[in-house]
Amino acid sequence: MAELFMVEAINDAFQVELARDDTVMVLGEDVGRAGGVFRATAGLRERFGESRCVDTPLAEAGILGGAVGLCLAGWRPVCEMQYDAFSYPCLDQLITHVGRYRWRSGGKLEFPLVVRMPYGGGVRAPELHDDSPETYYVHTPGVKVAIPSTPADAKGLLAAAIRDPDPVVVLEPKLIYRAEKREVPEGEHVVPLGKARLVRPGDDVTLVAYGAMVPVCEHAAELLEGEASVEILDVRSLKPLDEEALLASAAKTGRVVIVQEAPRTNGFAGELAAILAEKAILDLRGPVLRVTGFDVPYPYWRIEDHYMPSAERVANAARKLLSF
Amino acid sequence: MAELFMVEAINDAFQVELARDDTVMVLGEDVGRAGGVFRATAGLRERFGESRCVDTPLAEAGILGGAVGLCLAGWRPVCEMQYDAFSYPCLDQLITHVGRYRWRSGGKLEFPLVVRMPYGGGVRAPELHDDSPETYYVHTPGVKVAIPSTPADAKGLLAAAIRDPDPVVVLEPKLIYRAEKREVPEGEHVVPLGKARLVRPGDDVTLVAYGAMVPVCEHAAELLEGEASVEILDVRSLKPLDEEALLASAAKTGRVVIVQEAPRTNGFAGELAAILAEKAILDLRGPVLRVTGFDVPYPYWRIEDHYMPSAERVANAARKLLSF
Amino acid sequence: MAKVAPQEHELRRVIDEGREVEGLGAAELLALYRSLVLLRTYDERSLVYHRQGRIGTYAIFWNHEAMQAGSVHALADEDWLFPSYRESAIGLLRGIPASTILHWWRGHPAGWWNPADYRVASICVPIGTHVPHAAGLAWGEKLKGSSAVAIAYFGDGATSEGSFHEGANLAGVMRAPVILFCNNNQWAISTPLEAQTGAEALVDKAAGYGMPGVRVDGGDVLAVYEATREAAERGRSGGGPTFIEAVTYRAAPHATADDPRAYIDLERVEEEKQNECVGRYERYLRRLGVLDDAVAEEVKAEALETMRQGIAEAEAEPEPDPELVFEHAYVDPPPNLREGWDG
Amino acid sequence: MAKVAPQEHELRRVIDEGREVEGLGAAELLALYRSLVLLRTYDERSLVYHRQGRIGTYAIFWNHEAMQAGSVHALADEDWLFPSYRESAIGLLRGIPASTILHWWRGHPAGWWNPADYRVASICVPIGTHVPHAAGLAWGEKLKGSSAVAIAYFGDGATSEGSFHEGANLAGVMRAPVILFCNNNQWAISTPLEAQTGAEALVDKAAGYGMPGVRVDGGDVLAVYEATREAAERGRSGGGPTFIEAVTYRAAPHATADDPRAYIDLERVEEEKQNECVGRYERYLRRLGVLDDAVAEEVKAEALETMRQGIAEAEAEPEPDPELVFEHAYVDPPPNLREGWDG
Ligand SMILES: Cc1ncc(C[n+]2csc(CCOP(=O)(O)OP(=O)(O)O)c2C)c(N)n1
Ligand SMILES: Cc1ncc(C[n+]2csc(CCOP(=O)(O)OP(=O)(O)O)c2C)c(N)n1
Ligand SMILES: [Mg+2]
Ligand SMILES: [Mg+2]
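Protein chains in written order, with this note's numbering: chain A, 1 to 324; chain B, 1 to 324; chain C, 1 to 343; chain D, 1 to 343.
It should be emphasised that the hints constitute simulated quantities derived from the structure, not laboratory data. Take these hints with a grain of salt, some might be off.
[To be verified] Here are the simulated PhoX-like pairs of lysine-lysine, each with C-alpha atoms no more than 20 Å apart in a straight line:
| # | chain 1 | residue 1 | chain 2 | residue 2 |
| --- | --- | --- | --- | --- |
| 1 | B | Lys252 | B | Lys195 |
| 2 | A | Lys279 | B | Lys195 |
| 3 | B | Lys279 | A | Lys320 |
| 4 | A | Lys279 | B | Lys279 |
The shape of chain A in the complex, shown without the other chains (with noise of 0.2 Å):
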């Protein structure tokens, strides 16, 4: 076990992954020679060649489109999109050839390609540097969506990306990327795709997040120490979603917030709403609340913690439910 941040844990996916299966590559903008802009690619091109660590040029269609092409020649491309709302021009891409291409091909041709992309706001950032963008990605069919929140997850979640035969995308929470170093099994590790993560448990009231949300949630839980006896979920996979730990986590405690950094309409803590509403009914001793963000563009960053899910505003929610 090795104590690093998530993105030093992402790296060192990339370090495993790329040494175990010489068809794996890197492509994205500024990855080889700078090594990313977070450092997540760090090394790599040193050490695996400017063959299989590619700096591009500045165009996500032209990314994720050369991508499909790679996969046709036998690569297992992993594109990085350098920030959140830099990935917006690689939707077409996304939605029109990479969710349906080997459905196009009658099941005969894999393409194992992953998208991974730092997202999410809190860091100071000038606009556009602050978007979480799970939804575009969620909502589309074909493609499979995680987000770790914890530096052993980032590692894992990224290794079963690499190695999952579909095409995989991977929200990185970029609040976490250097938040704190935490215990990340070394060599191969991998997160399976389709399992929740308990981060704690509890019987009154279960906060249910992904991503960033988590250690918020997590901060609430304490708030909420001597109140209620608190159960934290970490969604962990978006696609494919583990029902049964969200449905099971709503049976035992009856009482359900879901926490999400993206804008409120049509975001995914309305798909796990929707989900409880549909098979917890019975379960549910009060509404599902959602703590979300709100359906304006992300503020800019004196305001933005206004703008973020607080420990506060998730507390109190559990408080609504632990009253109602």
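Since chain A is already given, all that's left is putting chains B, C and D with the ligands on it; use the hints.
For chains B, C and D with the ligands alone, kept in the frame of chain A given last:
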């Protein structure tokens, strides 16, 4: 009152609005010389001149990005995307600029632009002529979204969108374009955004839908004749949403089935279900059921009817609720 | 100031100049003829099948056959083709059964094929979006040390799309052995070339990507062949990508749903029809003495027979299993994929 | 085959050729100097403010001032500027207060301005996406019969983006009076020009859009001025768009967060620093006898004072009202916008 097909009603809206306000202009692929591949813009170029109805190059991001500049120059551009799945290249402009530019100006500028497109399946077309992309639009801050299901609403909602000071995306169910002629008010006709349409009142179960799924719900209601009194709500304006109408109907019937053509996961039906789980939990007499498309590429048309929510599937969901 | 125009806008021609293409013997010339006739027959029969309601909407490629056959014949079997809907039947030249392509237009999942089996990518419907695929494939093959090249087919309208640009630029940077083959039929549905670009010629785009550009008469199958062969050799020998602008004029509707009379120049269409590419080549072969009535008859009969069998097979195919809705999208599908499915 | 290279790749120069620009008197030359110094001072002070934690991440534009001031001075007040983050302070030359721009980098909503007030569009962060805006604006002004032109600033890397391509093509087709001004500093963060394009020169892209292209020394403020003035006249007189490639070399980090030592050619950087654009112009003016120490002093002192006031005003600004989270996105917001808000 004239009897018009939906696509004729849309053309009527253009005729009225372009005559009424000479800053309104129409642009898109084949909207001018050909009058649109569905003839929605037929005659506009001849009547209003080639600078008010413009055949653009084949470039969706260029169309929408160009429209942003046209707004800065004082125009009210109405952009046609030729088909649902061909609107994806414009998502980047929509998310990073259209929904954000007014905000960036400190609320000083207005971007009264419209993006409209035919959407949805059932028309026996080659792939990528069948998508229901509303989730990508509804989740995007700063833009409004409307989806008509009748000729009169198609005219009235498009007029409202053109007159609205904010960007509005209008998705038009191409399956209904020439389905049947219905009464459409002549001259100026505006259906305000934010108001749902009660298609038919009922007491036992509410079917909630929009666009091409509204007639499916009407058919389902016929199938349920004698079994239950069915209320049907046409959401019509997804954002702003008429929450009151939704909650009032849920309070009345206590049973809600939401129907959506789009892929299931993180679709707009989930948002509606989440609102009910949050605000109608005590009114619900059973789970909130969703009848939706699936998380797969929209199928080749020989089997598309198995993908599309059918009146039978909707009726069965209602029966499940009635016997819950 | 940089001149707007590049050096050469004249169209490369072979047939009209009465030239011969080096290294093409009678056998190859006839093989090329067979391909032209097969494509022509596919297209003309498809129009009939559409009118008879036996296939759905169909994108007519009448008079585009020379661009398709000429280029494919200039390539090796290891090379990859990336067709758009306009080249839907190009796979016939690589052994894809006519029934498979007819299925595609019949909306039947049997219209699927495995691109790797024929090195023919799936038909691309969203304009220009396959250009990055071809660039990526060619780059990927080069990285593996293979000698395969790729060719992407797209229209004049496609050159306006960002995806064309990003793919072309990627090819230029990676010196990917890809041929960007632009079918310039001068119309994008109802949008004429002058409303599509301000460039004097589409070939002028090549320099911006650092690749050679060549302009050929798209109705001259041998000019297309020659230009494509050069481009393929360049790619194989490490010379990177080439942009080919093949100039023609769309003599048929965009697709069965389109009525071009509202916008097109009908005289120009007539002119084009008089000079259509299959007849031009046939006359050339007859002048050369390579083709006579007997052979022509036999080739056309063979093509017709292929189509007769193709449509018969397609129509004999049972209705697809509804379960196919859930097949093939994922190797390893999410567990709740069938949520709400009742058969 | 079309030649890959256009006619002229040599850089237009004025200062190094000791030429003078027609119609530029001492007053204009000095005004241009003031603008250069103001931008230089803004940039150098901002770096200090960043180190002092008084502004956030900042995109340095040291040695880009000539491209910005030279072009703005060649335009009329009615003309629109579309800056990228690299031209964040260009609005200073149109009267936007320094404090406003400092606010932008301080993440304070007071960094908002109304583009219409100054005809300076909002700072564009997503690369190349403002090119269609500039094309659309210029086209829209032309449709209204106004004589305004637009200029869009973007980098070498931006030319790889689909949005650049679609915007440039739209401009070419509509003959929109827009100037596509490419700041070719030869780096996109850590990506060198040769990894960005296969073209011999970025100006080679112009012909593909049917617009003239011109290449200038981006460190020569008068060459930039002259080229921009010609392009603006062309646009105003109905001649359509122009592509200007201004060639320089990035002599500073991409932004405060970047450490270029890992990838950049430090000798080349040193060379560039020796020849940086403000000093070059200053020496030129002194040779002409238009500038002496006293004036230079006064101009620099004035610029410093502007910045002193600017940062003081910025820091005097109260913390923004949290309610601003909900302001300005919509004229007419959805009713449930504050859902879940508790102050
Ligand atoms: C991204 C995208 N936008 C729009 C369309 C609709 N569409 C289908 S064909 C066509 C015209 C294409 O013209 P061109 O590229 O010249 O090819 P051609 O049809 O002439 O062979 C359009 C606009 C599409 N298929 N994809
Ligand atoms: C669409 C998009 N992708 C990626 C980025 C991240 N990014 C910011 S600056 C930059 C490099 C830009 O280089 P260039 O266009 O040459 O302009 P320069 O910074 O050199 O002035 C990148 C990749 C972005 N802002 N937008
Ligand atoms: Mg064409
Ligand atoms: Mg640069």
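Hints the structure fails to honour: Number 2 - this is the single hint that the structure violates.
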